[in-house]
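Residues per chain, in single letters:
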Amino acid sequence: MRTGLSSNWIDDLQQVLSFHFMLNALRAGSAVAVVAGALGYFVVLRRQSFAAHTLALIGFPGAAGATLVGWNPLVGFFGFCIGGALMIGALPVSGQTGSSSDGESSAVIGTVQAFALACGFLFVSLYKGFLSGLNSLLFGTITGITDEQVLSLFVAGAVCVIVLAAMARPLLFTSIDPAAAAAMGVPVRLISVGFLLLVGLAAAGTSQVTGSLLVFALLIAPAAAATKLTARPFVGVLLSIGIALGVTWAGECIAFFSPYPIGFWVTTLAFTVFLLANLYRGLADRYGAHNPHHRNRTHV
Amino acid sequence: MTSDVRPAVTMPSMTEPENLQTPVLSLTGVSASVGGRRIWSDVSLSVRPGEFVAVLGPNGVGKSTLLKVLLGLLPVNGGSVVVLGDRAGRKNARIGYLPQRRAFDASTRIRGVDVVRLGLDGDRWGLPLPGWLRGTKERVARERVDAVIELVGASAYAQRPIGQCSGGEQQRLLIAQALVRRPDVLLLDEPLDSLDVTNQASVSALVQRVCRTENVAVLLVAHDVNPILPYLDQVIYLAHGGALMGPPEQVITADTLTELYGTPIDVLRDRTGRLVVVGQPDAAAAHRSH
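As they're listed, the protein sequences go chains A and B.
Position one of the first sequence corresponds to residue 1 (our numbering), numbered consecutively onward.
Position one of the second sequence corresponds to residue 1 (our numbering), numbered consecutively onward.
The following block holds chain A by itself, in its conformation from the complex (with noise of 0.2 Å):
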């Protein structure tokens, strides 16, 4: 199945192409890539990384779970993907400066995400001769994606657009400063309970293509690089999608021609995306007009 590099970067894309199950994983990926982009931009304004990683690895023994008593993985993923958006949901709301970093919230998160964990790995070693499976409900799989996967797929990731793209100025406001949203009369509560439904929707997407354990690959680090790139939330967005989608296309290919694993690619490839925007902005910050102790620059 593993084919070869030729010298021809055209030849190759080709050679990739004509594979279905290929196609499934761009595909799949892309839809995956929007929106973990997007909804990332947000996760990383509002420090919830920790709420969005335990969502995704709650996907975990939902999948494996799913597949003991014999139902569809993808309903293990979504349906405790979204159980487990709501219970945090549920989770008394912290202080008033966006930073969510409550320390008793994210105790029981913690805790939440240590039993999830044991229970995926019950429910796997209940399944007796599900080993290959474990491994791709963790980290992925670049051949397993079926039609019916990236239609769901698709069909989450629209609503999960949709959605965002609605609530955007809101959710902005409240990630900000929700005390003042609050006085405009935006809904806060209901935005955050909102937001974190969005996010069980593309954890539970996004580790069909990266697997549990890498949702953060397209979840965090895109984001958390544009936002090292510009100030200007609609550009951060719009980045934060397009370093999504590159390192998303980028992996599935290097994974076709490598025997290593698509999890690792992408994921090295949006670590690497993030050192470099890192870099960046602390090279500009000392020598650029960033710098805040040039006062008398005001660009950005």
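These aren't lab readings, by the way, just hints derived from the structure by calculation.
Accuracy of the hints is not assured; some may be wrong.
Partial list, computed: chain B residues near chain A (C-beta under 7 Å) [stated by the list, open to error]: (1) Asn92; (2) Tyr97; (3) Arg111; (4) Asp123; (5) Arg124; (6) Gly126; (7) Leu127; (8) Ala205.
Between beta-carbon pairs, the in silico distance windows are [to be verified]: (9) Ala284(A) x Glu214(B): 35 to 43 Å; (10) Pro264(B) x Ala114(A): 51 to 59 Å; (11) Ser33(B) x Ile162(A): 26 to 34 Å.
C-beta atoms are modelled at their ideal positions from N, C-alpha and C, and glycine is treated no differently.
Place chain B on chain A using the hints.
For chain B alone, coordinates are given in the frame of chain A:
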């Protein structure tokens, strides 16, 4: 209450004609509780258009609670609250509110101008179209944002990420956010908290200038009365579960303050004749109130 100051509603309306205008905010016999605990009761006060009013008092006495009551965010136990001629919460679009907050984290990478813009349309649902598709509307919005940033003197740093601005700069940008919709009332919850003395003075002067030029009634919650004292029209003191309102020269006296705080406080005059409050417990212990 002390004998030399009467409750706010019965304060004489004095000489100037603007004092006869209908109040923008008025409370009559209002009580408020937070979490089942009665914070204050039977509070009556009124604020007229364009007045600069300070809300003062010891920690935990319910200064922020008063602002939340005015915004309709907290139900009251009794009495009536009239805000801009309507029930509290109905006219919030015409109120600029600056919540009590800590500074933006240094890693918050959103430009100051974006934070100000949220005050204009941050509550709108629907896809935010890019500027070139919205045409005139967008130009008007941008001009308003630029104008209000100019008004608070934040033009030099409005394009920088707000996390990289100093405390005073952030406070100016947040005041711009509260002002961007041309409100009739500005509610500022401890805007001087965590600022150094120079910035306290300049932000106080800014608030007074805005109050005069834009004819906005300002309610400013403060721990330390001294930076704002020269600019104030009225003072509301909350203490002992009640409130006292009047012009500064009547309320800010050694006897009144000593009784309100239950600790000896002196009111002195400096060489220029300005009042200075000495021994105020909250000036030193800058804790957060409710």
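These are the hints, each one checked on the structure:
Interface hint at Asn92(B): satisfied, since its Cβ lies 6 Å from the closest Cβ of chain A, which is below the 7 Å cut-off. Interface hint at Tyr97(B): satisfied, since its Cβ lies 4 Å from the closest Cβ of chain A, which is below the 7 Å cut-off. For Arg111(B), the interface hint holds, the least distance from its beta-carbon to any beta-carbon of chain A being 5 Å, beneath 7 Å. Using the Cβ-Cβ criterion of 7 Å, the hint placing Asp123(B) at the interface with chain A is satisfied: the shortest such distance is roughly 5 Å.
Against a cut-off of 7 Å between C-beta atoms, the interface hint on Arg124(B) holds, since the closest Cβ of chain A lies about 5 Å away. Among the interface hints, the one on Gly126(B) holds; its C-beta lies about 6 Å from the nearest C-beta in chain A, closer than the 7 Å criterion. Below 7 Å, beta-carbon pairs count as interface contacts, and Leu127(B) has one with chain A at about 4 Å; its hint therefore holds. Taking 7 Å as the C-beta cut-off, the interface hint given for Ala205(B) is violated, the closest approach to chain A being about 20 Å.
Distance hint for Ala284(A) and Glu214(B): a CB-CB separation of about 37 Å, consistent with the stated range 35 to 43 Å. Separated by about 56 Å at the C-beta atoms, Pro264(B) and Ala114(A) satisfy the suggested range of 51 to 59 Å. The beta-carbon spacing between Ser33(B) and Ile162(A), approximately 42 Å, falls outside the hinted interval of 26 to 34 Å.
The structure fails hints 8 and 11 (numbered hints given earlier, in ascending order).
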